[in-house]
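Given the sequences, and given the hints that come with them, work out the whole structure.
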Amino acid sequence: KLPSSTIVVLDEAYIEFVRQNDVVKGFEYVGNEGPFVVTLRTFSKAYGLAGLRIGYGAMHPLLADYINRVRQPFNANFLAQIGALAALDDEDFMKETQKTVWEGLGYLYSEVEKMGLEYVPSEANFFLIRVNRDAKEIYEAMLRKGVIVRAMNAYGLPDYIRVNVGKPEENERFVSAFREVMGLA
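Counted the way the working numbering counts, the sequence shown spans residues 1163 to 1347.
If you're looking for bench data, these hints aren't it; they were derived computationally from the structure.
A hint or two may mislead.
[Unchecked claim] Below, in silico cross-link-like pairs of lysine to any residue (SDA-like), each with a Cα-Cα straight-line distance of 20 Å or less:
(1) 1307 x 1334
(2) 1261 x 1180
(3) 1329 x 1271
[What the hints assert, rightly or not] Quick list of simulated restraints, FRET-style, between CB atoms:
(4) 1295 x 1268: 21 to 29 Å
(5) 1295 x 1239: 38 to 46 Å
(6) 1269 x 1229: 35 to 43 Å
(7) 1306 x 1235: 44 to 52 Å
(8) 1296 x 1269: 21 to 29 Å
(9) 1262 x 1168: 36 to 44 Å
(10) 1193 x 1264: 27 to 35 Å
All C-beta atoms, glycine included, are put in the ideal place defined by N, C-alpha and C.
Written out as C-alpha coordinates, the structure reads:
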(Lines of atoms letter the chains of each structure in order from A and count residues from 1; the text may use other names and numbers.)
(Lines give C-alpha, C1' and ligand atoms only; values in the text may rest on other atoms or scores of the structure.)
Protein backbone atom coordinates (compact mmCIF):
# COMPACT_ATOMS: atom_id res chain seq x y z
CA LYS A 1 0.00 0.00 0.00
CA LEU A 2 1.44 3.34 -1.06
CA PRO A 3 0.89 6.63 0.73
CA SER A 4 -2.12 8.44 -0.71
CA SER A 5 0.13 11.32 -1.83
CA THR A 6 2.26 9.07 -4.09
CA ILE A 7 1.74 9.48 -7.82
CA VAL A 8 2.03 6.19 -9.72
CA VAL A 9 2.91 6.65 -13.39
CA LEU A 10 2.42 3.66 -15.69
CA ASP A 11 4.40 3.88 -18.93
CA GLU A 12 2.49 1.84 -21.50
CA ALA A 13 4.59 2.77 -24.54
CA TYR A 14 4.66 -0.85 -25.74
CA ILE A 15 1.19 -1.96 -24.61
CA GLU A 16 0.03 -2.65 -28.19
CA PHE A 17 2.61 -5.45 -28.45
CA VAL A 18 1.49 -7.30 -25.31
CA ARG A 19 -0.15 -10.63 -26.20
CA GLN A 20 -1.36 -11.64 -22.75
CA ASN A 21 -5.08 -11.02 -22.38
CA ASP A 22 -4.85 -10.76 -18.60
CA VAL A 23 -2.27 -7.95 -18.56
CA VAL A 24 -3.15 -5.15 -16.18
CA LYS A 25 -3.79 -1.92 -18.06
CA GLY A 26 -3.42 1.41 -16.34
CA PHE A 27 -6.73 2.72 -17.65
CA GLU A 28 -8.42 0.31 -15.24
CA TYR A 29 -6.93 2.24 -12.31
CA VAL A 30 -7.24 5.84 -13.44
CA GLY A 31 -9.82 7.49 -11.23
CA ASN A 32 -10.52 4.26 -9.31
CA GLU A 33 -7.45 4.47 -7.07
CA GLY A 34 -7.83 8.12 -6.15
CA PRO A 35 -6.33 10.97 -8.12
CA PHE A 36 -2.77 9.66 -8.18
CA VAL A 37 -2.61 7.06 -10.97
CA VAL A 38 -1.42 8.23 -14.40
CA THR A 39 -1.23 6.10 -17.53
CA LEU A 40 0.95 7.28 -20.42
CA ARG A 41 0.89 6.00 -24.00
CA THR A 42 2.68 7.02 -27.17
CA PHE A 43 2.24 6.90 -30.91
CA SER A 44 6.02 6.44 -31.32
CA LYS A 45 6.21 2.66 -31.10
CA ALA A 46 3.43 0.52 -32.59
CA TYR A 47 1.93 3.38 -34.57
CA GLY A 48 5.29 4.33 -36.11
CA LEU A 49 4.99 8.07 -35.46
CA ALA A 50 8.21 8.58 -33.49
CA GLY A 51 9.19 11.68 -35.46
CA LEU A 52 5.94 13.43 -34.61
CA ARG A 53 6.44 13.24 -30.84
CA ILE A 54 2.87 12.67 -29.79
CA GLY A 55 1.23 10.62 -27.08
CA TYR A 56 -1.41 10.94 -24.41
CA GLY A 57 -2.05 10.40 -20.76
CA ALA A 58 -5.08 9.30 -18.80
CA MET A 59 -5.44 10.63 -15.28
CA HIS A 60 -7.82 12.04 -12.74
CA PRO A 61 -9.12 15.52 -13.72
CA LEU A 62 -7.40 17.00 -10.65
CA LEU A 63 -3.97 15.92 -11.92
CA ALA A 64 -4.82 16.91 -15.50
CA ASP A 65 -5.62 20.39 -14.24
CA TYR A 66 -2.22 20.69 -12.56
CA ILE A 67 -0.42 19.44 -15.67
CA ASN A 68 -2.31 21.86 -17.90
CA ARG A 69 -1.16 24.73 -15.71
CA VAL A 70 2.54 24.01 -16.32
CA ARG A 71 2.70 22.41 -19.77
CA GLN A 72 3.94 24.26 -22.82
CA PRO A 73 1.16 25.79 -24.91
CA PHE A 74 0.64 24.10 -28.28
CA ASN A 75 2.83 21.19 -27.17
CA ALA A 76 1.52 18.91 -29.93
CA ASN A 77 1.74 20.41 -33.40
CA PHE A 78 -1.08 20.17 -35.91
CA LEU A 79 0.65 17.57 -38.10
CA ALA A 80 1.23 15.33 -35.07
CA GLN A 81 -2.41 15.64 -34.05
CA ILE A 82 -3.63 14.75 -37.56
CA GLY A 83 -1.21 11.80 -37.69
CA ALA A 84 -2.37 10.49 -34.33
CA LEU A 85 -6.04 10.69 -35.28
CA ALA A 86 -5.37 8.90 -38.58
CA ALA A 87 -3.37 6.21 -36.76
CA LEU A 88 -6.22 5.53 -34.36
CA ASP A 89 -8.52 4.89 -37.33
CA ASP A 90 -6.10 2.54 -39.10
CA GLU A 91 -6.79 -0.79 -37.39
CA ASP A 92 -5.36 -2.75 -40.33
CA PHE A 93 -1.96 -1.07 -39.90
CA MET A 94 -1.95 -1.90 -36.20
CA LYS A 95 -2.85 -5.55 -36.81
CA GLU A 96 -0.15 -5.85 -39.49
CA THR A 97 2.43 -4.21 -37.21
CA GLN A 98 1.57 -6.57 -34.36
CA LYS A 99 1.73 -9.58 -36.68
CA THR A 100 5.12 -8.49 -38.04
CA VAL A 101 6.55 -8.00 -34.55
CA TRP A 102 5.13 -11.21 -33.08
CA GLU A 103 6.29 -13.33 -36.02
CA GLY A 104 9.65 -11.54 -35.99
CA LEU A 105 10.15 -12.26 -32.30
CA GLY A 106 9.37 -15.94 -32.87
CA TYR A 107 11.86 -16.15 -35.74
CA LEU A 108 14.60 -14.30 -33.87
CA TYR A 109 14.12 -16.32 -30.67
CA SER A 110 14.40 -19.52 -32.70
CA GLU A 111 17.59 -18.36 -34.43
CA VAL A 112 19.19 -17.23 -31.16
CA GLU A 113 18.32 -20.58 -29.57
CA LYS A 114 20.00 -22.36 -32.50
CA MET A 115 23.13 -20.34 -31.71
CA GLY A 116 23.02 -21.58 -28.12
CA LEU A 117 22.67 -18.09 -26.67
CA GLU A 118 20.44 -16.86 -23.88
CA TYR A 119 17.87 -14.14 -24.48
CA VAL A 120 15.32 -12.25 -22.45
CA PRO A 121 11.81 -12.71 -23.91
CA SER A 122 9.87 -9.53 -24.42
CA GLU A 123 6.38 -8.12 -24.80
CA ALA A 124 7.74 -5.25 -26.90
CA ASN A 125 9.26 -4.85 -30.36
CA PHE A 126 12.76 -5.58 -29.06
CA PHE A 127 14.51 -8.09 -26.82
CA LEU A 128 17.90 -8.68 -25.19
CA ILE A 129 20.51 -11.26 -26.14
CA ARG A 130 23.33 -12.31 -23.82
CA VAL A 131 26.44 -12.32 -26.02
CA ASN A 132 28.88 -13.60 -23.35
CA ARG A 133 31.44 -10.92 -24.19
CA ASP A 134 31.64 -7.13 -24.20
CA ALA A 135 28.45 -5.90 -25.83
CA LYS A 136 30.20 -2.77 -27.11
CA GLU A 137 32.45 -4.95 -29.28
CA ILE A 138 29.41 -6.70 -30.74
CA TYR A 139 27.70 -3.35 -31.32
CA GLU A 140 30.74 -2.00 -33.19
CA ALA A 141 31.18 -5.16 -35.27
CA MET A 142 27.49 -5.19 -36.20
CA LEU A 143 27.65 -1.51 -37.10
CA ARG A 144 30.52 -2.23 -39.50
CA LYS A 145 28.17 -4.71 -41.18
CA GLY A 146 25.46 -2.06 -41.46
CA VAL A 147 23.27 -3.50 -38.70
CA ILE A 148 22.39 -1.42 -35.66
CA VAL A 149 21.94 -3.01 -32.24
CA ARG A 150 22.31 -1.39 -28.85
CA ALA A 151 24.94 -2.37 -26.30
CA MET A 152 23.38 -2.51 -22.84
CA ASN A 153 26.58 -1.65 -20.92
CA ALA A 154 25.13 1.66 -19.72
CA TYR A 155 22.25 -0.26 -18.11
CA GLY A 156 24.51 -2.55 -16.08
CA LEU A 157 24.29 -5.38 -18.60
CA PRO A 158 27.77 -5.38 -20.17
CA ASP A 159 27.26 -8.65 -22.03
CA TYR A 160 23.79 -7.99 -23.47
CA ILE A 161 22.66 -6.34 -26.68
CA ARG A 162 19.21 -5.02 -27.50
CA VAL A 163 17.81 -6.10 -30.84
CA ASN A 164 14.80 -4.43 -32.45
CA VAL A 165 12.45 -6.56 -34.51
CA GLY A 166 12.21 -5.48 -38.14
CA LYS A 167 10.61 -6.71 -41.32
CA PRO A 168 11.42 -10.33 -42.24
CA GLU A 169 14.28 -9.38 -44.57
CA GLU A 170 15.76 -7.09 -41.90
CA ASN A 171 15.56 -9.86 -39.31
CA GLU A 172 17.30 -12.26 -41.70
CA ARG A 173 20.02 -9.68 -42.35
CA PHE A 174 20.51 -9.28 -38.59
CA VAL A 175 20.78 -13.06 -38.08
CA SER A 176 23.32 -13.44 -40.90
CA ALA A 177 25.50 -10.57 -39.64
CA PHE A 178 25.16 -11.67 -36.01
CA ARG A 179 26.23 -15.23 -36.84
CA GLU A 180 29.35 -13.86 -38.55
CA VAL A 181 30.19 -11.49 -35.71
CA MET A 182 29.71 -14.24 -33.13
CA GLY A 183 31.85 -16.66 -35.17
CA LEU A 184 28.93 -19.00 -35.79
CA ALA A 185 28.60 -18.62 -39.57
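query = What hint numbers does the structure not satisfy?
reply = Violated hints: none; all satisfied.
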